[in-house]
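Listed below, chain by chain, are the residues.
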Amino acid sequence: MYPQTSARALGTDRRRGFLIALTAAASLAVALAIGPAPWTPTVLGADEAYPITVVDDEGTEVAIEAEPQRIISLSPANTEIVFALDAGDRLVGRTDWDDYPPEAAELTPVATFTGVIMEQVVALEPDLVLAAGNFFTPPDDIARMRELGYPVVVVYAPDVPAVMDDIELIGSAIGASDEATAVTAQMNADFDAIAEAVATSEDTPRTFYEIGAEPEIYAPAPDSFLADMVVLAGGEPVTTGDAAAWSIPLEELIVADPEVIVLGDANYGVCPDAVAARPGWEGMTAVTENAVVPVDDVPVTRPGPRLTRGLASLARAIHPELELAEFPADPPMCEAA
Amino acid sequence: MTTTDLARQHAPVRRGSLEALRRRPVVLGLAGLLVLAVAIVAGVGLGTVHISPSETIAILAHRLGWGAEETWAQSSETIVVTLRLPRVLTALIVGLGLSVAGVTFQGLLRNPLADPYILGTASGAALGAAIGVLIPIQIAWLGLGLVNILAFVGALAAIALVYRVAGGGGRSTMTSILLTGYAVGSMLAAGLSLAMYLSGSQLRQIFNYLLGSLAGSDWQSLLIGLPIVITGTVLILARARSLNGLLLGDDTALHLGVDVRRERAILLGLASLVTAAAVSLAGLIGFVGLVVPHVIRLIVGPNARVVLPLSAIFGGAFLIIADLGARMAGELPVGIITAVIGAPIFVMLLRRYRTGYQL
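Residue numbers (the numbering used here), protein chains in the order written: chain D, 1 to 337; chain X, 1001 to 1359.
Just so you know, the hints here were simulated from the structure itself, not pulled from any lab data.
There may be inaccurate statements among the hints.
[To be verified] Computed spacing ranges between beta-carbons, pair by pair:
id: 1; chain 1: D; residue 1: Glu103; chain 2: X; residue 2: Val1026; range: 52 to 62 Å
id: 2; chain 1: X; residue 1: Tyr1182; chain 2: D; residue 2: Asp242; range: 17 to 27 Å
id: 3; chain 1: D; residue 1: Pro249; chain 2: X; residue 2: Ile1135; range: 47 to 57 Å
[Said to hold, decoys possible] For the chain X half of the interface with chain D, some residues (derived, Cβ under 10 Å), not all of them:
id: 4; residue: Ile1051
id: 5; residue: Ala1073
id: 6; residue: Arg1084
id: 7; residue: Gly1145
id: 8; residue: Val1147
id: 9; residue: Thr1173
id: 10; residue: Ser1176
id: 11; residue: Gln1205
id: 12; residue: Asn1208
id: 13; residue: Leu1211
id: 14; residue: Ser1213
id: 15; residue: Val1347
[To be verified] Here are a few chain D residues that face chain X, going by a calculated C-beta distance under 7 Å:
id: 16; residue: Tyr100
id: 17; residue: Glu103
id: 18; residue: Glu106
id: 19; residue: Leu107
id: 20; residue: Thr108
id: 21; residue: Thr112
id: 22; residue: Ile117
id: 23; residue: Met118
id: 24; residue: Gln120
id: 25; residue: Asn134
id: 26; residue: Asp140
id: 27; residue: Gly241
Positions of the beta carbon are idealized from the N, C-alpha and C atoms, including for glycine.
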């Protein structure tokens, strides 16, 4: 009933996910984005002549008998990936949090905060379940679905390059490898374009990506998915300083003196004026220089096909002079402020 | 003077239709069995996925070997047989066990606020479960996971510690056991908080255990929990007379011929065993073990020989219905439902029998 994870997979990173649980209602999607796992997905049956066996991100070999036609996705990122691979019409089930693309709302929700609603899964008669790792899909539920005979592929991206691997893993599993290659090629081109634009800036400002500020100040851990994103966007991430810590004391944040504060919690009602009003924050360079920027956190933290768009938003937040016109702007946020 | 006589002296001033049942516990028992049967049928027949009653009956009949041609989808059969049936039966034995243990603890401690969790069992089970979640290895023994096993062990270890520390075998009063239970429980709760603090991504698993859930029920764990709960319950029922004696106080019980120390230790042990099995199967489901015994006592009076079996029947039915509510509401934690349904019923009965209640 426990995940087939090794101790080293859990060791350094398990606590980073804790803050997600705390801020779960606000940012469940982040859970997928944070924390390493050492596996690289490999595809044994690369020619897609079913039946095939794929090795998922937990190292489990999953046999898939025929091209899946009734797919259940158990994370918002998996849902986005399946839609991006033009296979959205083969999806039958989703989680409570799948909000993109809008068509996802029409699918039957089969997972809530407490776990998978097993009856619904059985009733949908899936021929493939795309679960999420790092405890996002409860390990007990993954074991139960496998007991019931469904092929369950566990997907989990510990870092930015792993998102590409996951898109290709899902592509192989559902018989859409060509589409997956096209999506990852486009994303790699986008990453290169952003890297090129960022390289034109001379400075790498100290950037604090605020995951949440209540009751503690939640920040990226060093070398985490989010810290990597900040680096790719041309910032120097202010982190918790310890891979196992998920929050940063206010005193340390004041000493770190961020030059840019990115409000990853803007979707949940935190705006720049509120930051300036917090006791102790008024002296930070980012506050005095008006460099507190709200972002739409979903593309930034969700390990799916919109990640490059999220990275572009992050790069614009850190380097306001960059245009990156080919990437869509965030929806207006904190208008009142 | 027996407790029944005592109860009659304090009979409620107000009389209602329920009052008639007080003198007819057998009628109430039969009514309870009817409610239980309806709850089981509803629990198996209803859920988030619609399966028609005739189909449900056909599937069950087929499984029992009574012909019935297979006209239903394979998924319907899986839902009824693999998911719903063990879940309903687990709810039955957990509700039954917690209610019987609640009657026993309330009687032993002579404390209306006592419930099966009062002597540190809850904290012990929760700490055990949390440790089970945190240990990153996979152990399954007879189909039980580490969480179930450690919750069971934790609950029993906690109560054994309380009993030892309070000197339960000696002259200690139930008050000192109660207070020791509180102290040990607080200590274990601190351990639980630490485990949750360190748990990272697994926090949600621990949290779900604390809220209690029957969603993970399966046949294997049911078949292990069932004999423990049923044996414990039968043995407690066989000692209802001792429990009645203990209700009157240690001295009176002694004069009635009850071996106070021995009976107390046995009843405490049995109730703890039943509680440990229940929390190991379903997590910490609150309210059932506190309120079902009170409701039954309000209706039939304090005689344990009547209260114990009625609590078992109604406790089982109550949890099946509460779990059905939890499922229909999209897998809410069942503890929320037990409180939402149970509290108003309890308050209503308290008001009705304002004058006549005694433990």
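Quiz item: Of the hints stated earlier, which fail here?
Solution: Numbers 2, 3, 9, 10, 15, 16, 17, 18, 19, 20, 27 - these are the hints that the structure violates, sorted from lowest upward.
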